[in-house]
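Read in order, the letters of the sequence shown are residues -30 to -1, 1 to 893 in mature numbering (1 follows the signal peptide of the UniProt record, and there is no 0).
It is worth saying that the hints were derived from the structure and are not from the lab.
Be careful, since some hints might not be right.
[Stated by the list, open to error] Derived CB-CB ranges, DEER-like:
no., residue 1, residue 2, range
1, Ser151, Pro234, 26 to 32 Å
2, Lys315, Gly366, 16 to 22 Å
3, Gln435, Ser358, 17 to 23 Å
4, Leu3, Ser151, 40 to 46 Å
5, Asp413, Ser344, 24 to 30 Å
6, Ser544, Pro706, 19 to 25 Å
7, Gln435, Glu340, 43 to 49 Å
8, Pro462, Leu189, 53 to 59 Å
9, His610, Ser764, 45 to 51 Å
10, Ser358, His610, 33 to 39 Å
11, Ser358, His160, 51 to 57 Å
12, Glu34, Phe97, 21 to 27 Å
[Said to hold, decoys possible] Capping the alpha-carbon separation at 30 Å, the derived lysine-lysine pairs in DSS-like fashion look like this:
no., residue 1, residue 2
13, Lys644, Lys554
14, Lys315, Lys382
15, Lys776, Lys645
16, Lys362, Lys478
17, Lys616, Lys728
18, Lys75, Lys103
19, Lys700, Lys637
20, Lys10, Lys154
21, Lys732, Lys616
22, Lys616, Lys478
23, Lys554, Lys637
24, Lys154, Lys105
25, Lys254, Lys265
26, Lys776, Lys732
27, Lys362, Lys315
28, Lys728, Lys700
29, Lys192, Lys315
30, Lys16, Lys75
31, Lys192, Lys154
Backbone N, C-alpha and C fix where the C-beta goes; we use that ideal spot for every residue, glycine too.
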Amino acid sequence: MITMSSKSSHKLVLFFAISCLLLQEKCTEASVLCKESEKKALLEFKHSLQAMDSSGDDALFLWETEECCFWHGVECNSLTGYVEILDFSLQSWVVAGTISPSLLKLHHLTSLNFNSNDFNGSLIPEFFGSLNKLKLLDLSNANFRGPIPSLLGNLSMLETLRLGGNGGDVTYRHNFKKMFSVGKLEWLSHLSRLKEVDLSFTNLSNANDWSQVISHLPLLQKLSLRHCDLPSISSSSLSLANSSTSLTYLDLSDNNLPSSAIYPWLFNVSSNLVSLNLSSNKLKGPIPEAFGNMKAIQELYLNDNLLVLAENQVRGDSGLNEIGKLPDFRVLDLGYNLLNGSISKSIGQLSNLHVLRLAGNSFDGDVISEAHLSNFTNLQVLDLSFTSLTLKFNTGWIPPFHLSQIMLCSCKLGPRFPDWLRTQMDFLLVLEYLDISASGISDSLPYWFWDPFQRLRYLNMSFNQISGTFPNNSIHISHLDLSSNNFSGPLPHFSLDFSDTGTIKLSKNKFNGSVSPICIITNEVSLALLDLSNNQLSGVVPDCFHSFRSLTALNLGDNSFSGSLPSSLGSLTSLEMLSLRGNKFSGELPLYLQNCTELKFLDLSDNELSGEIPMWLGQRLPSLVFLSLQRNQFRGRIPHQLCELKYLQILDLSVNKISASIPPCLKNFNSMAKKVSLDRRIELHLLDQPYVRSLVDVRYVDEALITWKGTKENYPQLGLLRAIDLSCNKLTGEIPEELNSLQELVALNLSRNFFTGKILQKIGHLRQLEVLDLSRNKFSGNIPTSLSELTFLSILDLSYNDLTGKIPTSTQLQSFDPSSFSHNRGLCGPPVSPNCSMVEPPPGKPAVGGEEDSDDQFMKWFYTGMGLGFVVGFWGFCGVVFFKRSWRHSYYRYLDSAKDWVYVSFVLLKTRLVRRIKGVSTR
């Protein structure tokens, strides 16, 4: 009894002690206030920052209140009140400006996170190296630049260091510039407590010690060195490397590392690797069987290399199958290698796979049957895109898996619509991504498709021959691409997800009727791309674009729209691409388009627009790269304000009624005068990543119909072309000498105008010219000798001018057809004639101007002469008969006698014929 009561009393004491501690903590929480010294430091820190939300308001306005522990991005210790965490990552607002050294007064700061902000290329402050209690430093995607300060090696308590992804959107490497550079990584070896390191997109080309340093971080679990220009690992560094047992996540992708440089080190540190990414390197040869020794591996990314299948791997007898037997192996990505031949049915031994990607390999002609896939009971993602595989399944086959993503672009699924997809769309685990584009389907869409379709987020069935119409109910989707098919009927009502970026591409079909359904798109604010081009839509485009705030590309080209352009187009302030070509729009170019200041691509060709070319095109649309007003009814002069378009690469004003001379200021087209990076392409990237497991990347290039090398064609690589086309107008005067400065110009067409004077003597400075058409003008004088320096020239037309003299001698010029120089007076030499002594000037003058040629001129004078002859002959005779009585009476008597003669002759002929017929019948 005594023992029991003693135990009870101990428990009671312990209960009261714990209760007191909890009460004390509650009381402490209620009474702890922000330290005044730290509050002053934070206000000083705020003073050097700019933090604005989407509406332009100060996102840190609450920092004026008394209690700093409740300020946005600030977290304090609940017991002491000291500031321990500053976290400005992944907010709805962006922090910019400079970082004040007042942070050094926060002596208890353990976490500093500026992920996904914008510090405008400023340097990483060196005083960060003095924040000696930091455990987490995250500066990733915050637009810092310059060298990484080695003083960060003083942060001995640091466990997480993230500096990756600075300098731009890391998804698009062609737009990316490495903003950080590092010499040696020796300072990193001082941070012995590091568990996670991310230096992705940092220039480590001089860090020859990287593998050695990494191997001496005993607690390191996660390492990302993506796109770092890593140098190869030397044999001496390999001998100094220790085997790591802590590393579980390793990303060395996008480094161009060869097999010999990475395999020996990799297989020495791989004992506990769970995820390995070696994509986009230079790995060659068969897939090493040593991967089968990675007993903990779950994810293996080997895509975008030069790997091949060895003979034993074709048979299915390889280390990959050993990996497949591991219970937790889930992801295998071998896409875009040099794998070829046939896929063994033993691939089904990888039965635990959740993700299988073989895209971009050469399995041409191979057939995938249900025998290959029948063991994949856990499969969620299947990517066989661009493999030319044929998927042939028995009718009624029910797959054992339920996929969330199906990517079969360019596989052979047709001609019938694959019915096994129905099993994937009916299941409760929603299929959210389906790409069966260019898969040879020429069938009508089955009746069962539209109902489960409503759960898809991404659907791409483009470049098939699928027919059908939309249902009457609303279409709920985020990304829809049905372009280049045979769909018909009216447009449906679309419903978009508010949280997603929406894209709708229905071009090159047979949709008809009004385009008014776009006015009732649900959550239209999220729509970024709308392409309805090349259909049979008609009528007036409704004025309902006011709420399309996110619309970046709009293409209504090649339909039958009429009327004036809707004024609400001026509300599309995010618009970068606008194509309305090939319609019947009329009226003047509306002033409100000047509000679309982000426009890069503007195509209004083949319409009935009129008036003068407005000055604001050059003043208010400074980002224009492509401008086409071809085949309209514009008149007046070319405004000199167009010369302010320094990024312009293509200018097409052909087939209008433009007069006056070419403004000399065209030399200000910098993109035509200087070499510019080909990264400035006329294309649109849309990235949608609402979930980590689902990434949607939409790339849109608006093809323009341009006259290229004499024929009209869609030219998709507009970013590579620099062209000026002013043909078929009423331009006069001489070509300005300033045009010689456009040294990157590829095509120049000034034909069918009224230009005079000489051809530019220094035209040879335009060394990139491939097309030069100056025909049907009034150019005179000699052909400049510098023309022979244009070694890339493949199309030349100087015909129908007043040129004289000898054609300059060069291999290039003499290779052209004589018609390129025809109808010029006095041109001689090859290819027109063997030499100049044998040539006489042809009679007459060449036809010039507008769209007329010599045949037009001949027919014009022929019909004119015929008309005059008729008038003179008819009224000459009738006038005499009318005014002179004796001639009139004689003429009428002549007509009477002629009539009598004709009558008598006819009667005699008839009598003779009757007699002959009777005589034949009596015999």
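Please work out if Lys192 and Lys154 have their alpha carbons no farther apart than 30 Å. Given pair Lys192, Lys154 holds - Cα atoms ~20 Å apart, limit 30 Å.
How does the Cβ-Cβ distance of His610 and Ser764 compare with 45 to 51 Å: does it lie in that range? With a Cβ separation near 32 Å, His610 and Ser764 fall outside 45 to 51 Å, so the hint is violated.
Cβ separation of Asp413 and Ser344, checked against the hinted range 24 to 30 Å: holds (25 Å)
Please verify whether Lys315 and Lys382 have alpha carbons no more than 30 Å apart. Distance ~19 Å between Lys315 and Lys382 Cα, so the pair holds.
Can the suggested window of 40 to 46 Å be confirmed for the beta-carbon pair Leu3 and Ser151? 44 Å Cβ-Cβ, so the 40 to 46 Å window holds.
For the pair supplied as a hint, Lys16 and Lys75, confirm whether the alpha-carbon distance does not exceed 30 Å. holds (14 Å)
Assess, step by step, whether the Cα of Lys10 is no farther than 30 Å from the Cα of Lys154, and give holds or violated. violated (38 Å)
Is the hinted pair Lys362 and Lys315 satisfied, with a Cα-Cα distance of at most 30 Å? holds (14 Å)
Does the structure keep Lys192 and Lys315 at a Cα separation of 30 Å or less? Measuring from Cα to Cα gives roughly 35 Å; hence the hint is violated.
Outcome for the supplied range 53 to 59 Å, where the beta carbon pair is Pro462 and Leu189: Taking Cβ atoms as reference, Pro462 and Leu189 lie about 57 Å apart, which means the hint holds.
Holds or violated: Lys776 to Lys645, with C-alpha atoms at most 30 Å apart: Between Lys776 and Lys645 the Cα gap is close to 34 Å, so the pair fails against 30 Å, i.e. violated.
Using the beta carbons of Gln435 and Glu340, state whether their distance is inside 43 to 49 Å or not. violated (26 Å)
The structure does not agree with the numbered hints 6, 7, 9, 10, 13, 15, 20, 22, 23, 29 stated previously, though it agrees with the rest.
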